[in-house]
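*Asks:* Take the sequences, apply the hints, and build the full model.
Residue numbers (our numbering), protein chains in the order written: chain A, 1 to 438; chain B, 1 to 133.
Mixed in with the good hints there might be a few duds.
As the list claims (entries may be wrong) - If you anchor each label on the Cβ, the simulated ranges turn out as follows: (1) A:Asp27 to B:Lys44: 31 to 41 angstroms; (2) B:Thr62 to A:Val5: 45 to 55 angstroms; (3) A:Asn281 to B:Tyr96: 53 to 63 angstroms.
To be verified - With a straight-line cut-off of 16 angstroms between C-alpha atoms, the simulated EDC-like cross-links for lysine to aspartate or glutamate are: (4) B:Lys26 to A:Glu43; (5) A:Lys409 to A:Asp63; (6) B:Lys127 to A:Glu68; (7) A:Lys359 to B:Glu123; (8) B:Lys26 to A:Asp52.
It is worth saying that the hints were derived from the structure and are not from the lab. Note that this is a predicted model, so its numbers are computed, not measured. Using N, Cα and C, we set each Cβ at its ideal position, and we do this for glycine too.
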Amino acid sequence: MTKTVTDVICPFCGTLCDDIEVVLSDDGKKILEVMNACAIGNEKFHHSQAADRPKRPRMQQPDGSYKEVSYDEAIEYTAQMFVKAKKPLMYGWSSTNCEAQSVGHEIGELCGAVVDNTATVCHGPSLIAIQDVGIPSCTLGEIKNRADRIIYWGCNPAHAHPRHMSRYSIFPRGFFTGKGQQSRKVIVVDPRPTDTSNMADYYYQVEQGRDYELLQAFRTALHGHWLPDMVAGIPKEKIYEGAEVMKSGRFGIIFFGMGVTQTLSKNHNIDAAIMLTKDLNEFSKFSIMPMRGHYNVTGSGEVLGWQFGFAYGVDLSRGFARYNPGETTSNDLLRRGEVDAVFVIASDPGAHFPISSVKKIAKLPSVAVDPHFTPTTEICKLHVPVAFVGIECGGNAYRMDNVPIDTRKVVDPPEGMLTDEQFLEKVLHRVKEIKGAA
Amino acid sequence: MAKIQLNLISGRTIQQGVAIEGGKEKPAYREACGIIELDGEDFKKLGIYRNSNVRVTSPYGTVVVKAVDATQGPHPGLGWIPMGPWANSITNPNTYSTGMPTFKGVPVEVEPAPNEPVLLGIELVQKACRAEG
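*Replies:* Shown next, in the form of structure tokens:
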């Protein structure tokens, strides 16, 4: 008889859906069916079962090809790389559990590494803005039960967080929002009409890169002050109308994404969005929340935060924690050639960093820890495949609203494969041995 | 042949999400992300058929991708390449002291490239890295 595992946590995006059901084969070894997940989550569960996934570490050969090596050799190479490097970069952390992150940070402390996570190319500017002006936020449960004004600014959850709208924002019927979608007004701001904006009551096609102006225009309009005829490609009448819609709600939420963090002005865009939220609280109750991408990028920020005081870009090379965006962040370090070894875990800078940074990784001693084949694993000197967190091992992850959720193990990893945490623990042990501290 | 100037942005699409979880070494990843979504108006200016290859060049690099009709639009003057190595071959790496490269709002030039192939993701990155070595 097949067995169904309920309440499984989906390890893909920051929405961290906790209602997935997975049907297993009679012997409990194979995933047959995945229910409730979105197309991406479904693909992740099924692809973890692929016969062609890498199962043992692979070392790059002089001709560029890869040769299988044992985990022991991989641990030795990684530990030696850390010990020899003056300033290694440890990047990634967002698709693994908090337990593994914590072990990794200990290695970082011992070896004087720079520990940076994917926020550096995602919501890093949001974190800078939060340090500048604070953040009035809430949990996704409060939004489901209370919010009647939903604003998506520079994000497209229909594609990037496919179940976000149905679980938490636009559609669910909550305690004070019994009519679901009918009890809510939705505003979308994006330079492209998107599948999310199709669901909006009010859509603003902002000129690309002019979010700052439009945010400040909304702040001006809230107080009824003068506006020029057009701001960021939007006629002023529409801005006054939008401001009224925001003011008239009982509980509003602004979700924002890469549209504001990756365009020019970056953290200043978020400053303005947070100040708009603050202003809106003079009229109603409003919150603001970043749409975090990887399922545990928030957790990485939390763990770094409680251990070192900073959420990303933590430089431990001087023996104490320093943080200075633009100096201790991955892309700046790589482009300036300030690191001499790169350790990548649970992320893919090879695909998602500008190519100038990727070229620098390819020249350095480098290790990529990832269950998949990725552009990163194919340019690093060593690829260490590991078990999938949330499918083949459990562990803690943080949802985009900073709520910690324990992920579940559904099936066993292929025989003999290590998890992120086990691999890092072995590397840590070996580093201590080499340094004579064990 | 005609060349057009566009403002380029990148980001996630659900096809990109499915493709990265399905395996970045597979051709499906190229189908999902080795593309540029153009508005109908821009196709007319460029004078090419849909689903033909184009070369996209920015001050930071150049890459060949397949030009397809905008799935979410209209957005004349704006080009869209889903996030991945193709977009990042030409994106603006300057962080202006924030740590964040300027992934959105890159001025690019698009020209027809009917005889040039779109490389696979891993192939594209490896080729760029080896050319440097």
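*Asks:* State for each hint whether it applies.
*Replies:* Verification of the supplied hints:
1. A:Asp27 to B:Lys44: 31 to 41 angstroms: The hint (31 to 41 angstroms, Cβ to Cβ) is violated, given that Asp27 of chain A and Lys44 of chain B are roughly 59 angstroms apart.
2. B:Thr62 to A:Val5: 45 to 55 angstroms: holds (48 angstroms)
3. A:Asn281 to B:Tyr96: 53 to 63 angstroms: violated (31 angstroms)
4. B:Lys26 to A:Glu43: holds (14 angstroms)
5. A:Lys409 to A:Asp63: violated (39 angstroms)
6. B:Lys127 to A:Glu68: Not satisfied, since the Cα-Cα distance of roughly 22 angstroms exceeds 16 angstroms.
7. A:Lys359 to B:Glu123: Satisfied, since the Cα-Cα distance of roughly 13 angstroms is no more than 16 angstroms.
8. B:Lys26 to A:Asp52: Given that 16 angstroms is the threshold and the Cα spacing comes to 11 angstroms, the pair holds.
Hint compliance for this structure: hints 1, 3, 5, 6 are broken, all remaining hints hold.
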